[in-house]
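Participant: For reference, the chains in residue letters:
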Amino acid sequence: MLLPEEEIANSLRTFKSRRDSLLHDDIATFDHNLERFLEVCNRDPLAKSVLVPLEAKYVVDPSEWWTATSQYESKLSFPSDPDEELALRFGIIKSAQRDPNHIVSLGLTHGQGKLNESVELFRTLVVRPFVDDLSHRLGVAADLATPEARAVQAVPLNRIPVATEVKIFLSHKSIDKPLVHRYYEGLKVLGYNPWLDESNMMAGSNLERELLRGFEESCAAVFFITENFKDQNYLATEIDYAVIQKRKKGNKFAIITLRYTDASPVPSLLTTYVYRDVSNDLDGFKELLKALPIELGPVRWRADVV
Amino acid sequence: MEPEDSAGDRVQFAVSVSKDRDDFFRLTCPSCGRDFKILIDSSELQWALSAYCQRIGRDIGPRDPDRPHSNRIRCPYCGNEDEVVHMHTEETMAYLKRIINREVVIPLLNRWASGLEESTGRGRRSGGLFSISVEFKHSRPFLPVRPIHGPEAADLKIVTFLCCGKKVKISKGWTNVHVCPFCATEVALI
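Protein chains in written order, with this note's numbering: chain Y, 596 to 901; chain W, 1188 to 1377.
None of these hints come from the bench; they were simulated from the model. We put the CB at the ideal spot given by N, CA and C, even for glycine. Honestly, I wouldn't trust all of these hints.
[To be verified] According to the in silico footprint, chain W covers these stretches of chain Y (three or more CB under 8 Å from chain W):
id, stretch
1, 605–619
2, 724–732
[Said to hold, decoys possible] Just so you have them, the derived chain Y footprint on chain W, three or more residues with Cβ under 8 Å:
id, stretch
3, 1329–1336
4, 1367–1374
Chain W with its partners taken away, still in its complex shape (with noise of 0.2 Å):
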């Protein structure tokens, strides 16, 4: 993933994100909080970091204008639809969020207060009728330590949906799927 400014200058880094043993990665339904998996796309992952990215001024990664910032995928419990970004687990979005702030934020607010630093002549300017004095505190500064996702358990049942062929994970004694998250043909589990 790389956060670019618009300045140009890029910054590179590692985001390394646990699926289950099958390769499902967890989602939760915003409206039901059930759990369920798919399997991902790491585009999905690339634009739930954009989110937290665009807060700060920041974008990620090269602009495509064709592709769709997100596919919307129906919760197989409630059929609630939505955005895949907006189905993170809290685990997932903390883990995002972290990265965000230990790669992109941090090293951004360093560079500010570097900035200021300088502009300030090391910390005091006076002359004219006003005198300002700035104190700068010096320090080695500590990033946060990097944070680690996952383990991820190989829980629940895989669902193959015969519409589109596409898979998910749900509860093992979860039954009443009527509708494809995907396509949103009318099915039954048999």
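Okay, chain Y solo, but in the shape it has when bound (with noise of 0.2 Å):
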């Protein structure tokens, strides 16, 4: 069955107030109480998905059971079978508002001489139970006809980082950058701002001037460790910026250190920071993303998708 979320939830409010009604208010009251409630039982819905299948599977016969309460000293008899038994009641229910004497002879059969007497006994014996179990029942149901609960997060404010603070600087000499451009296309598929010297420093820019740019909108500098590095020119450059942004930023920049197998020895000034060794691209990768002071969002569907 699928039914609109609002209209399970309209449901079961309306079940749940006349249900309430039913059981609670004044006794002088409980006519108009049944006929309210067992309309909902026979138009509503959520509670037909219950009840309709359960008449359809057994044949009850009220009169029956009337018959058989109304002998002396008898004792109230349900079905064993749990589907049965509320079939029953149901039927049992319906036939009670459409002759009400019925409640008055269970009251007498069971010594209760007054009208009011006899309708709380039925109430108490007959209905109650019924409403437990469709109200079971009906939670069931409802769970069912309801898609499972969607999840948001709310960040605090401090941990949601500004679009100029999330870049991720990769380092590298130049004859590295195959191996560089690896890492730089994984971090982008996986929603990461890496920046890399050549796309991202404008035709004719000042190389120092947005080298250090770079840095300032980093949240992390990332330095390959190669047999071909070597701790000069550029390179030393990036390792004075980087170590100035980890006194500036503290925690929210990592300095992270790469050295690939039979590579040069780390520069003395990296060594305080996070550095790995590392035999392939997927080692290093882990280890790079296991560094970041940065994390992505929850998971979701692909806008493609859906």
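Dock chain one against chain two, each of which comes alone in its own frame, and use the hints as you go.
Facilitator: As structure tokens, this is what we get:
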């Protein structure tokens, strides 16, 4: 059964309200409340989804039950099968609405001479167990018809960086560009914002200024130490800039050094920060992601699949 | 839950409230009237029950002086701060009230009526200058039927607050959550 979520919530709300009136309102209003409760049972789509299949499955005879119950010192007897019991109770309640004398007769058989007491007895012995079971079944039916809850995150404002704080500066020797490009592409696919000198620097720009700006907008600097690495020229400047950023930004900036097998020694300035020996790109990528000070958001469906 | 009277006699009864499929319990903000849900602790219900019991001079459960009476929470919609016990839905409050009536108040009244009957010598006492006549109508007392709570629809969307790790459920279309209901940290839904 597919019902809109709002309709299910409305069904349950109406059912609970009519049920509670039937169970708890003054006995003088019982007839009226019974009629309104049965109206929900017979017309509400959610209630029908529970009751109609039971009525179709079991042929119950309320009049036979009333006859048996009205015998002297008889006990109330119901089928042992819970589904059949619910169907029979439903039939009994409907027949009691059609002919209230049944309720009087039930009361008399059980020593209740007054109408109010008979109704109270009927409410306690027949109606209450029925609505209890039906409430439970409606809850199950509502759950089955309701999609799993979606989850969103409320992130503290101090954990949400601005766009100009989350670049990842990839420092490398030109000869290692193919290696670093693989990292660059991987980070882009995941949704990070990697920064590479050749792709991010405008033609004719002042190299030093652009480098410095790149660092200032970054949350991490990654140094790739291969056999080609030499701590000199621009690489040396980048290490200096990274250390400055680290001092300035503290935990919100990471210096990550990935040292490949057989690579040059790690420059001494970098050894105090995150430093990992890696044997391949996958290892290096994993270590890089673990060391970043930022994380990506919750899982969601791609826009083009929904 | 155990309401206890001053004489030390105890009444034990079960209170069973309905949570939704995800274990969330519905509350209503008394200020803006909107519904939200939290993962509730059973002690919160105990304090809600105790409010009714105290009106009739009874306490619920053992007292723990170190534990605050209730937790405060902010409405995720309007930011109104109040105790959880003040945010129960009308349905829950009606249920708790019916439970207390059935399990505590009515038995108490019945005991009181029986005691009165005994103390007046089964209805008639006379002597001296005054004559007292008390008439009792004997009938087997019916307890009201036991109330039912729920079922609860698994509606609304879950919001996890990363500041304290707690969760609430709010209306699906609602995005204006600026403060954590539990720890008051400023947040944004992303």
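Participant: Which hints from the list above does the structure break, by number from lowest to highest?
Facilitator: none
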